[in-house]
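There are 2 protein chains.
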Amino acid sequence: MQEMFQRALKIMDIVLSKDLDCILLVDVSNVFYVSDFRGYEGIFALIPKEHDPLLFVPKLEYERAKEESKIHVEQYTNFSAALIESLRNMKCKKVGLCYKRTPHTIVNTIKTKLPNIELTDVSENIANVRMVKDTDELERIVEAIRIAEKGLEEALNTVIDGISELNVAAKAEYSMRISGSEKTPFPTIVASGPNAALPHAVTSSKIVRKGEVVIVDLGATFKGYVSDLTRTISVGKVDGKVKDMFQAVLEAQKAAIRAIKAGIKASDVDKEARKTLEEYGYKEYFIHNTGHGIGINVHELPIVGEKSKNILKQGMVITVEPGVYIKGYAGIRIEDDVLVTKTGCRILSRFKKDLVD
Amino acid sequence: MQEMFQRALKIMDIVLSKDLDCILLVDVSNVFYVSDFRGYEGIFALIPKEHDPLLFVPKLEYERAKEESKIHVEQYTNFSAALIESLRNMKCKKVGLCYKRTPHTIVNTIKTKLPNIELTDVSENIANVRMVKDTDELERIVEAIRIAEKGLEEALNTVIDGISELNVAAKAEYSMRISGSEKTPFPTIVASGPNAALPHAVTSSKIVRKGEVVIVDLGATFKGYVSDLTRTISVGKVDGKVKDMFQAVLEAQKAAIRAIKAGIKASDVDKEARKTLEEYGYKEYFIHNTGHGIGINVHELPIVGEKSKNILKQGMVITVEPGVYIKGYAGIRIEDDVLVTKTGCRILSRFKKDLVD
Numbered sequence: 000m001q002e003m004f005q006r007a008l009k010i011m012d013i014v015l016s017k018d019l020d021c022i023l024l025v026d027v028s029n030v031f032y033v034s035d036f037r038g039y040e041g042i043f044a045l046i047p048k049e050h051d052p053l054l055f056v057p058k059l060e061y062e063r064a065k066e067e068s069k070i071h072v073e074q075y076t077n078f079s080a081a082l083i084e085s086l087r088n089m090k091c092k093k094v095g096l097c098y099k100r101t102p103h104t105i106v107n108t109i110k111t112k113l114p115n116i117e118l119t120d121v122s123e124n125i126a127n128v129r130m131v132k133d134t135d136e137l138e139r140i141v142e143a144i145r146i147a148e149k150g151l152e153e154a155l156n157t158v159i160d161g162i163s164e165l166n167v168a169a170k171a172e173y174s175m176r177i178s179g180s181e182k183t184p185f186p187t188i189v190a191s192g193p194n195a196a197l198p199h200a201v202t203s204s205k206i207v208r209k210g211e212v213v214i215v216d217l218g219a220t221f222k223g224y225v226s227d228l229t230r231t232i233s234v235g236k237v238d239g240k241v242k243d244m245f246q247a248v249l250e251a252q253k254a255a256i257r258a259i260k261a262g263i264k265a266s267d268v269d270k271e272a273r274k275t276l277e278e279y280g281y282k283e284y285f286i287h288n289t290g291h292g293i294g295i296n297v298h299e300l301p302i303v304g305e306k307s308k309n310i311l312k313q314g315m316v317i318t319v320e321p322g323v324y325i326k327g328y329a330g331i332r333i334e335d336d337v338l339v340t341k342t343g344c345r346i347l348s349r350f351k352k353d354l355v356d
Numbered sequence: 000m001q002e003m004f005q006r007a008l009k010i011m012d013i014v015l016s017k018d019l020d021c022i023l024l025v026d027v028s029n030v031f032y033v034s035d036f037r038g039y040e041g042i043f044a045l046i047p048k049e050h051d052p053l054l055f056v057p058k059l060e061y062e063r064a065k066e067e068s069k070i071h072v073e074q075y076t077n078f079s080a081a082l083i084e085s086l087r088n089m090k091c092k093k094v095g096l097c098y099k100r101t102p103h104t105i106v107n108t109i110k111t112k113l114p115n116i117e118l119t120d121v122s123e124n125i126a127n128v129r130m131v132k133d134t135d136e137l138e139r140i141v142e143a144i145r146i147a148e149k150g151l152e153e154a155l156n157t158v159i160d161g162i163s164e165l166n167v168a169a170k171a172e173y174s175m176r177i178s179g180s181e182k183t184p185f186p187t188i189v190a191s192g193p194n195a196a197l198p199h200a201v202t203s204s205k206i207v208r209k210g211e212v213v214i215v216d217l218g219a220t221f222k223g224y225v226s227d228l229t230r231t232i233s234v235g236k237v238d239g240k241v242k243d244m245f246q247a248v249l250e251a252q253k254a255a256i257r258a259i260k261a262g263i264k265a266s267d268v269d270k271e272a273r274k275t276l277e278e279y280g281y282k283e284y285f286i287h288n289t290g291h292g293i294g295i296n297v298h299e300l301p302i303v304g305e306k307s308k309n310i311l312k313q314g315m316v317i318t319v320e321p322g323v324y325i326k327g328y329a330g331i332r333i334e335d336d337v338l339v340t341k342t343g344c345r346i347l348s349r350f351k352k353d354l355v356d
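Top line first, the protein sequences correspond to chains A and B.
Be aware that the first sequence starts at 0, since it is given in numbering that gives the first Met the number 0, and climbs by one per residue.
Be aware that the second sequence starts at 0, since it is given in numbering that gives the first Met the number 0, and climbs by one per residue.
Please note: incorrect hints may appear among the correct ones.
If several chains are the same, the list does not tell them apart, and a pair holds so long as it fits within one copy or across any two.
[Stated by the list, open to error] No more than 25 Å apart at the CA atoms, straight line, and that leaves these computed lysine-lysine pairs for PhoX-like:
1. 149 <-> 352
2. 236 <-> 58
3. 341 <-> 9
4. 69 <-> 260
5. 326 <-> 90
Hints listed in this document are in silico derivations from the structure and should not be mistaken for laboratory results.
Chain A on its own, in the form it takes in the complex (with noise of 0.2 Å):
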């Protein structure tokens, strides 16, 4: 028999360790970490205790499915004819799901049609396992970092007064995407003056201008898997307080960066970037967590942030990344992806952060 993918194994130590059928998975990034097969909606994974590893799609995805999954696949005609039928096939009686990403109206379908099956939530156990990432899926993430890189480089060197917000994200993104991203994961920030006071700021065409701040925030895809970076940048000179501001989120990245190991509380790591924020008299401009984790999602557990309860764990891969935002003046951010250890940490982005004179 072949030996069972990785990824997919570790999906069975909970079938095994909570002592279910099967679970049963229907999300795009559960059954892509399942499988390895990128798919659009309308896919799903059986993991059964007793069979191997199923992979369901419809007919037009068939032949990719085929080259591209490590699990075997099935297509279907109907998804919830499908769905219904195999568990009823395999005679699954306590299944696992993943409540947090199963849409209502599929755990409302297996209620009527197999009314004896006993539903557990797997959310927490799944978010678990998909935290700490196995070689493979440190080595996509890195590549994804170091195109990500790419496209900061093209930034840095286009950001000039007179350009717009618009031309660096398009020239940023291209220039990940032929260097191999397979899509920006999510919508790359570049905002200047005010604009950097949102955290989340939507591109737009507004013109660059000499003395304003630029935040470039943006990440690549690489085989699934995913980076975030984000720098700011100087336009010429800017203002002495810009300046403080910009000191105040290094200093409190490093802060944060230097409690980062294993067995310590996510939420002891966000405390660092807020105590130094605070000592610099930002803590009410530091809006956001201070981090999260990536993988085949841009947010991913653990959450690095005040509420927090996880722990981190050796071969996490989390976001460090403060900021402090003024709102009608300006904002700055700093994100590095950053590997947890044993001992401490691996950064694993390395672009130049001192961008701000």
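Given the coordinates of chain A, assemble chain B onto it according to the supplied hints.
Showing chain B alone in chain A's frame:
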């Protein structure tokens, strides 16, 4: 009192017609529909019978949401707490939810914390409302189509013997981005030679060669609304067989488009395409639906397929995209975006199709 945002008003009509106290929306596309706010996960909207519609966002989105949203904005600290609190405060007993786009975990939370609430599935009602576009939505889609046509133009100018699929995609996406596309709504497909036989081929580093056809399937996003266009381009002269496939698909598309008008079954449009391909001997090689609605999502109702129950209505915007796929050999697809009118249809995309010789 301010006039209510037109799209929110349409959801309010569902609240009233189904005698609900409110509709709760938790997914990004429905929340955008009622608010015009381009958010990420972790936002929700309430359309209550007896209050103004409300958008809830986390702190980091508050300032941007106030600028973008067409409905009142509140900020929350804890998503679930805010959701439960607002349903309780507004004394909502009968709550409509889009079961298809609501994670089961949210339904669970509501049932646990507010056991007296009666939930109703309004998935179909919302999908039906969103199917028919108003003038503003149509203008956004048309602009997204104009931008996508610039991408097709760039692809057409770029496709030559020796270039990689990825390179063509990168250039087309750059051209769309610089023309104002907010994001590619789906991964651009550039599939050459045998790759073109996979309807959802992943664009690769494969080099395009003389004698091959290249399928280019791309879209743009403008003010949150998308386009979806496909052309098949030959590189130099192709086999007579490929020309025949192309002719068949072109005729099938024409036949389908001729059938479109308000009042007819979507399945009848599909039937016309399928019948034409059968006449050419390619019926079994057409392995997907003839089309689908577009709007905020790339795949919306109506489904233009064999088993569709949808009836076409004035104001729907659908794709018409028959295709023929012969494994290991080649594939052809031609896709336009079409507005359903009272007496027929208006083809919104204008890009030339005669690109195979």
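Now for the hints, and whether the structure bears them out:
In the homo-oligomer, the alpha carbons of residue 149 and residue 352 lie at most 25 Å apart inside one protomer (14 Å), although the nearest pairing across protomers, at 36 Å, exceeds that limit. For the homomeric pair residue 236 and residue 58, neither the shortest alpha-carbon distance inside one copy (58 Å) nor that between copies (31 Å) is at most 25 Å. Proximity of residue 341 and residue 9 under a CA criterion of 25 Å is satisfied intra-copy only: 21 Å inside one chain copy versus 55 Å between copies. For a Cα distance limit of 25 Å, the shortest separation of residue 69 from residue 260 qualifies neither inside one copy, at 33 Å, nor across copies, at 44 Å.
Within a single copy, residue 326 and residue 90 get their C-alpha atoms no closer than 58 Å, and across copies no closer than 35 Å, so neither meets the 25 Å cut-off.
In the structure shown, a violation is registered for the earlier hints numbered 2, 4, 5, in ascending order.
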